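Residue numbers (the numbering used here), protein chains in the order written: chain A, 16 to 388; chain B, 16 to 388.
Hints are computed from structural coordinates only; laboratory data are not their basis.
It cannot be assumed that every hint is accurate.
As the list claims (entries may be wrong) - No more than 20 Å apart at the CA atoms, straight line, and that leaves these computed lysine to aspartate or glutamate pairs for EDC-like:
#1 B:330 <-> A:62
#2 A:313 <-> B:86
#3 A:313 <-> B:89
#4 B:144 <-> B:62
#5 B:313 <-> A:43
#6 B:330 <-> A:247
#7 B:330 <-> B:63
#8 B:313 <-> A:247
#9 B:96 <-> A:63
#10 B:29 <-> B:343
#11 B:330 <-> A:89
#12 B:121 <-> B:178
#13 B:96 <-> A:134
#14 A:313 <-> B:247
#15 A:90 <-> B:321
#16 A:330 <-> B:63
#17 A:330 <-> B:321
#18 B:313 <-> A:343
#19 B:57 <-> A:343
#20 A:96 <-> B:134
#21 B:90 <-> A:244
#22 B:144 <-> B:169
#23 A:57 <-> B:343
#24 A:57 <-> B:63
#25 A:330 <-> B:89
#26 A:330 <-> B:62
#27 B:90 <-> A:321
#28 B:330 <-> A:315
#29 A:313 <-> B:377
#30 B:57 <-> A:63
#31 B:57 <-> B:315
#32 A:27 <-> A:244
#33 B:313 <-> A:244
#34 A:254 <-> A:43
#35 A:215 <-> A:247
#36 A:90 <-> B:315
#37 A:96 <-> B:321
All figures in this text were calculated on a predicted structure; none of them were measured in a lab.
There are 2 protein chains.
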Amino acid sequence: MIKFTVKARDEKTKARQGTLQLIHGSVETPAFMAVATLGTVKTFSADEVAALGGQILVANAYHLYLRPGTEVIEKAEGLTKFMGWNRPILTDSGGFQVHSMTGLRKVTDEGVTFQSHIDGSRHTFTAEKVVEIQQALDTDIWMVLDEPVAYPAERPTAVRSLERTTKWAKRSLEVNPASHRLFGIVQGATYDDLRERSAKEITALPFHGYAIGGLCLGEPSDLTYRIIENIEPYLPADKVRYVMGAGYPEDILQMVSRGIDLFDCVLPTRNGRTGAAFTRNTRNTHNGRINIRNAQYKNDMRPIEEGCSCLACQKYTRAFIRHLFMADEALGPRLLSIHNLHYYYTLMREIREAIADNRFAEYAESRLKELHP
Amino acid sequence: MIKFTVKARDEKTKARQGTLQLIHGSVETPAFMAVATLGTVKTFSADEVAALGGQILVANAYHLYLRPGTEVIEKAEGLTKFMGWNRPILTDSGGFQVHSMTGLRKVTDEGVTFQSHIDGSRHTFTAEKVVEIQQALDTDIWMVLDEPVAYPAERPTAVRSLERTTKWAKRSLEVNPASHRLFGIVQGATYDDLRERSAKEITALPFHGYAIGGLCLGEPSDLTYRIIENIEPYLPADKVRYVMGAGYPEDILQMVSRGIDLFDCVLPTRNGRTGAAFTRNTRNTHNGRINIRNAQYKNDMRPIEEGCSCLACQKYTRAFIRHLFMADEALGPRLLSIHNLHYYYTLMREIREAIADNRFAEYAESRLKELHP
């Protein structure tokens, strides 16, 4: 069961606010999906993510297939139970991971043969196989196997990727036609005509939602936004739209205004683990981030972000969190990950409220100015 | 303010149940003090330790003096505020750490000169200096600088250590006679007559509590228990007694029955981080521990300990926690640390209840049988 209902539209932009009903619960969109590649959002318990306001997570079929193995998760009666997260999960097929393994993999029209990054064992992912894996994981949304290409891509590579992605998309739908939970993926690299062709081909197929893949791979942001803008008219208005791997707070604002509903990114947790915190009240820093390891915070008894209501800011100072990082204490990465995920979830909540109130354009403008004063 | 009140005594053993009133709160004894060397119990937030039932922590003056530095913690208005732990803290002087630095340190009657393990800088700890550091940290209980010796120790080494420890104890009391919060430490290695002499010398001094140092350093358990048994009659009955660095669950049961009130050990958290869980319902394992990395748990959908009420056991399976460890996910060590600390705190609560009910001897016997069936 995948049902998407648009509840409000912003008049000055393409932004929409909706509800996505899934097997394990419903999700208010636009939504940020925290990344739980291996069945856990790094440093968090499932309850902690829920307490911060998380409604849906992204896990990775490739990683879970290799470890702990599909059969373990089947025995646990699905990934949501295995993880102790009784809410929706979207699984990425792992196509991106498999294709990133230069030298370790071989791609044909049939699928991808690769060696495990853990033990070197050989495996083949076909369009059908990744659907079967996700079916075994019993997740809410399954992504098709696609062929993303690195940026920049030559045109022939982009064409091949697009054509394979469409072929695989069709085969995916044949695995379990009556009860699939599949999203299709638009490819086409950075070629406007190829993106348009891919969007037409993929949206002609009966998926429950449509993703744009192959973005946020190092191309300039203006190009990313233009590609989305050009594809958007081809994406059915009554289906949910997902940009894979996006992004920074400004990317999310720009993409919501171009009609995107779902996002996922490792930024809040990866930044948190390395000592970078997103804040709304520090100026002249890239995306408002501060690096807590900086010596200037040694004696700083203020919270990470003044006015923030997250646990890290309510209970701890910059000086203490810096000390935790310098001393390599696990609580440091935990606290910054809590803060950063709270920052992202707060951004998404404010975005949804702004759309519902038909003032999203003003909200986005003000937040973008804050990020680039 | 350090005030100890014995509330109940077990008739068949030396076990006592009491309340220790300190600056930042009170502690029910016998108590296990979780170790927060650098200002955090590894993997935990302060609130999480409190939620598990923790009433007092042990931090380390040597480590905190080097990093983040005493002045940072003074600026934060003391260690309890800096850590976000608004309850009692006992600070170890760091004497043990300093004396363990073979090759990096020089000990004279004046004190210990050593090189920082972080940046190689030179420092001197005197009896007076470690009191001043702990005063700056504003902790509830301060430990004197002592000279522990490695096991086994030659008699002349043990005599020198004992004599220095007594000299330093006297000097410590002169730093802040009116308002000190000091505990003395009995040394004497494994020589009964030296332990007796040290106990007499140290308990003749006006400390608020008495610790037994230089134990749990690899000597046989029977010897540890015998030393405590021999010293016990010299320890004032109205002052709290602390065995530093103890221990395994069986050590705690054996020492409580010999009249000890306070314990501290890295075991529950260090074991938790490496994958070992203390349980009450696994047989034929050392101290009831299981190693969650073991392949036998791959498909095991039971909790770590059946019947346990901790978060890890209520929400997660052995299979999931094993997966977290195999995948090097931070949640794995967190969950086992939560379980192990819950195990220790539950043991201490049951010990206190048993003493209050005058059935401690029976309780201890039954628990020791459980540990060595």
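Practice task
Quick one: which hint numbers does this structure break? Sort them smallest to largest.
Solution key: Those not satisfied are hints 4, 5, 6, 8, 9, 10, 13, 14, 17, 18, 20, 21, 22, 28, 29, 31, 33.
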